[in-house]
Amino acid sequence: MANQNNSRGAISIRNVTKIYDPDGVNVMAVDDCSLEISAGEVCMIVGPSGCGKTTLLNAIAGFHSITEGEIYLDGQLLCGPSKPKAEQGADRMVVFQHGALFPWKTLGENVAYGPIVQGVMSKAEAHEKAEHMLAEAGIGDVAHKYPGEVSSGMARRSEIVRALINDPKVLLLDEPYRAMDALTKSIMHESLLEVYDKTKVTIFFITHDLEEAIFLGDKVVVMTTRPATLKKTVDVKIPRPRDYQTLTTEEFRVLVEETKEAVHEEAKKAFDAGERELA
Amino acid sequence: MTDAVQSKSISSVSKKKSKLEKMLTNKSLWRGVVALIGAVIFWEVCSQSKVWFGVEIPWIGKVPPPTEVIAAWQKIFYYTGYWESWYLSTGRVFAGFIIAMIIGIPFGLLLAVNRYFRDVFFPPFEILRPIPPLAWVPASIIFWPTTEMSIAFVTFLGAFFTIVINVLGGARNIDVQYLRAAQSMGANQWDLFWKVILPGTLPSIWTGAAVGMGITWEVVLASEMISGGGQQGGGGLGFFIWSSYMGGTVAQVIVGMISIGIAGYLSSSFIRYLGVITMPWRRLF
Amino acid sequence: MNQKNSTVNIQEAPTGLALKIYYWRKSLKTLTPYLMLIGVALWLGTYYLLVEGWELPRFNKLPGPVEVITEWTNPDPDWGISMFSPIYYEHIIISCRRILIAFTIATCLGVPLGLFMGWSKTFRDYTFPILEVLRPIPILAWVPLAILMFSGFETPVIYLATLASLFVTTLNTLLGVDSIDEEYFRAAKCLGSKPHHVFWHIVVPGSLPFIFTGLQISIGVAWFSLVAAEMVSGEFGLGYMIMDSYMNITYVTMVIGMLTLGFVGWVSSALVRLAGDRMMQWRVRALALEGR
Amino acid sequence: MQQSDIKNKNNSADIPSAEKSTENSASLELRNVCRGFGDEWNREEVISDFSLSINPGELTVLVGPSGCGKTTLVNMLAGFDKPDTGQVLLNEKLITGPGMDRMVVFQETALMPWLTAYQNVVFGPKIRNDLPARELKKKADYLFEKVGLVEFKDKYPIQLSGGMQRRAELARAMINDPLVMIMDEPFRGLDAMSRELMQEFFVRLFEENRRTNIFVTSEIDEAIFLADRLIVLSNRPTSVRKIIDIKLPRPRQLNVLSSTEAYKYKRDAMELLHEEALRNFKRSTPKADS
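Chains as they are written, first to last, in this note's numbering: chain A, 1 to 279; chain B, 1 to 285; chain C, 1 to 292; chain D, 1 to 290.
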């Protein structure tokens, strides 16, 4: 299933602005943000919580519209002035922060749901492929279990398999490992890297943890606090395949040192804004 | 937690729409009004269909139209007996309800707190609970000397089971962390009960009360209809509806139905209001 | 540092009945079952003492437990109602038939109505206010109208029980649809599902837990209204039996009627709970893991 | 209330008794403790033959994979849970139940939602009424100033951010002058920024009165930054895989984490923990971190 030709999945975001209008109080969440993500690249978006990174993801996935600017995927217009809201499709698969596996379907049924519903595969074919992919991801024996019965680590892994079975152009991840403790997180990182090395699918990954960004990403984009604009872009030249030893190499430490100040500054502003708001 | 905090700071940046303005432009509110008016018109047309078009629509055809109901309501609006039945029914409802709260809440809390008490008293409670309250009406008429007391007893039963179940449920799933934190700060059994379990169960006490109130109105109406029809029937909205039905003025029956609907709604919102005042910390959700 | 095998399996884990017997035997060592017996004995004892033992002034009119049980188990009962008399079972069957009809109509109407109200905002805006206005009116207030609208005895009684459970089922189904997390809808759309997929694969299974809580309340409410309707206008059924035995002062059959009602009510809600667990395996297993 | 203000408040002249209790900090000890859960057929020994002694006046950090029984250890130290066999001792005396000499701050907030922050903090002394009202108020106000929540005194917990709730809980624990503070992954739910600020704040607090502290976490950076002594725990059944003495200079600053010495400790711990986490993942079931 590995699509080696990484000629697809290039996203180009051009001067996108997003103004929310909750009950008449218009608020700018994204301000004139431009970003180029080449095909097969792992782009990490780092920024303080609530700074509008998720708004960008929602725009690409087609959950929300954008006010100005355009977003292209492999040259085709996803959304722009003429079409503010992109259609949702399996080419841009989203993995949510708290997970969205259907609790009433077994993990196998969850994974097979996409192809069946799109009519791409027959029921039997889809289930067979689902089981095969789950086994490949090392959790083959849980295919008949319900999401409520397996650990959060396994559930998250099967959610990524559910995304990959549709052979998406882009994987959109919204802080997928935030609710996990650090050690399960390190295993999740390794499994994601494994999946990436095999499929070379473009990954748009949102996180507020800088070390996670540098460890996983090819490019790390630091966003300002609200409204979100690009503050700093760092190219991570660490060779692939990477493993947890990379976390303690000198090169990694220097990169963290370099970007830490920028992230810290933005986080402090967001933190104080939050505190002042509550007082 | 901090995400929710950040999003709040978004709205403080620009002008806030006033509450009324928001209400008026709320589309679903207008649709609701249209739907209600439409329903009343539909009722009018169907009831009048015999007179206007000569064809009688099944079921609704036999029901008097709204115009007739309003006329009937105006007629008895100034008739003291009508408001007296309001007063009597509400009195009975609150009598039964308050007794149910006074006995039900401590009983529920004791069931939750003390294991042995629960082992002994929960089985008989569970055996009696499935018996619908109205099945007790004849038995309570036999037992209690006056009809007034028998109605109050059945109303008490109606609310009692619901309140106890809600209080028990609420008290048993208080987060164990609160109890542990209080214990490590030197709270003895008594402190734990008054300072942690009681406030922690308050929300489910009020839910139980709101549901219990709904049931008491149903029970009072039924007991008034069943026993009120008898000798020294003491009036009340249930009796009012039954006697209007016996007396053949169906429009007045509908007036009775609407008034008891309003009375029920007012008393439930009163309970919700009490809940809001006694739990200031919940208002901020 | 010795790494012992962490899970010590002494013998194969018992399941199903064996599991229940195991827990039952374990509970025998504790005080609970004995206290429960004491509780029931206490209740029956006081009932017996007050009515038949000391025959206190107000209580002596009521039939005592001994009297009721002897009548209940008496092959040819004095007042015609006992375990062996066919008329007793006729009442039960008629009442259960009425409940079955009312409950099925209410479920077949209420669940789809609730699902559509949850599914499309406009439909909800038009129908929810009407429901909310009618809901506070107690079911019994509908009795005169029901008798007027429907001829005969059967339909008004069933209409009342249906109306009672219709409100509860619709409301709880609506709550069920609202309780489904927005992210499930997004994930489904992302995976390329068309509207009807989303309805059958997300909305229906997602709201099932609330639907079944609603059905449990609705069966209780249905019995509540059925008894009342039968008392006031019924011809057969348990409610009528109780009222009839009150009218001609045969109080023993009244108590039998009440206890039967309680038992049948309990059985019907147990059946609904069973159906719920069967339909929602995923919840049962998740809850089991949390030790509930 | 800027974070920096908290620092210069600390050296204010009159420090009420809460801070002078350095000399009575206590030592804790676990002697071959065993604890298991479940019925015969799925009996699982979460902790078997576990021994550890915690020196007085030290910040001991326990780090280990999720589900390795850290929380069970905390519950036994705090007295909420009793070991099946073995002993848990405080100053050589057997621990029988919860007490105010061992105060716990939990993972999820245990602030009572129906009490304001101030009422939560004074809850302990009030029910024990072992302090005259005037002095209690002075002590509470001092602590509120110290944790930087003066303007939030009369807010309900729901109105406070995650970081603030933690600080209120710290104040609530400290007002009882406990001999030992036990922290069970208190900063886990916070976002990265509040977590760093809380870590810095907690270290300042510890360095000031050197009270015996037990801190449980699964974050390695947090463990190294806070610890005098780092205890690396193994998978179930929990045992001590390694004890690492963190010789980083006190008072600790956040940038100490990017020093080469800190990286050496991190690599050392990572090695063990990654292996444990992998084994745990293969066998893991969704049981909560018991």
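Note that these hints are calculated values from the structure, not bench results.
Hints should not be assumed to be uniformly reliable.
Over the 10 Å line for every Cβ pair with chain B, so calculated as not near, a few chain C residues [to be verified]: (1) Thr15; (2) Arg25; (3) Tyr89; (4) Asp125; (5) Ser269; (6) Leu274; (7) Arg283.
As a list, the in silico DSSO-like pairs of lysine-lysine whose alpha-carbon atoms are at most 27 Å apart [what the hints assert, rightly or not]: (8) B:Lys50 <-> A:Lys83; (9) C:Lys194 <-> A:Lys105; (10) D:Lys242 <-> A:Lys269; (11) A:Lys198 <-> A:Lys129; (12) A:Lys231 <-> A:Lys198; (13) A:Lys83 <-> C:Lys194; (14) C:Lys121 <-> A:Lys85; (15) D:Lys266 <-> B:Lys195; (16) B:Lys62 <-> B:Lys50; (17) A:Lys268 <-> D:Lys82; (18) A:Lys198 <-> A:Lys123; (19) A:Lys231 <-> A:Lys85; (20) A:Lys237 <-> D:Lys266; (21) D:Lys139 <-> A:Lys269; (22) D:Lys82 <-> C:Lys26; (23) A:Lys145 <-> A:Lys129; (24) D:Lys126 <-> B:Lys195; (25) D:Lys266 <-> A:Lys219; (26) A:Lys85 <-> B:Lys27; (27) A:Lys232 <-> A:Lys200; (28) A:Lys231 <-> A:Lys269; (29) D:Lys264 <-> D:Lys242; (30) A:Lys145 <-> A:Lys85.
As the structure is a computational prediction, the values presented were derived from the model and not from experiment.
In this text, a Cβ means the ideal position worked out from N, Cα and C, and glycines have one as well.
Under the constraints set out in the numbered hints, which ones does this structure not fulfil?
Of the numbered hints given earlier, those the structure breaks are 4, 5, 8, 10, 12, 15, 17, 21, 30, listed in rising order.
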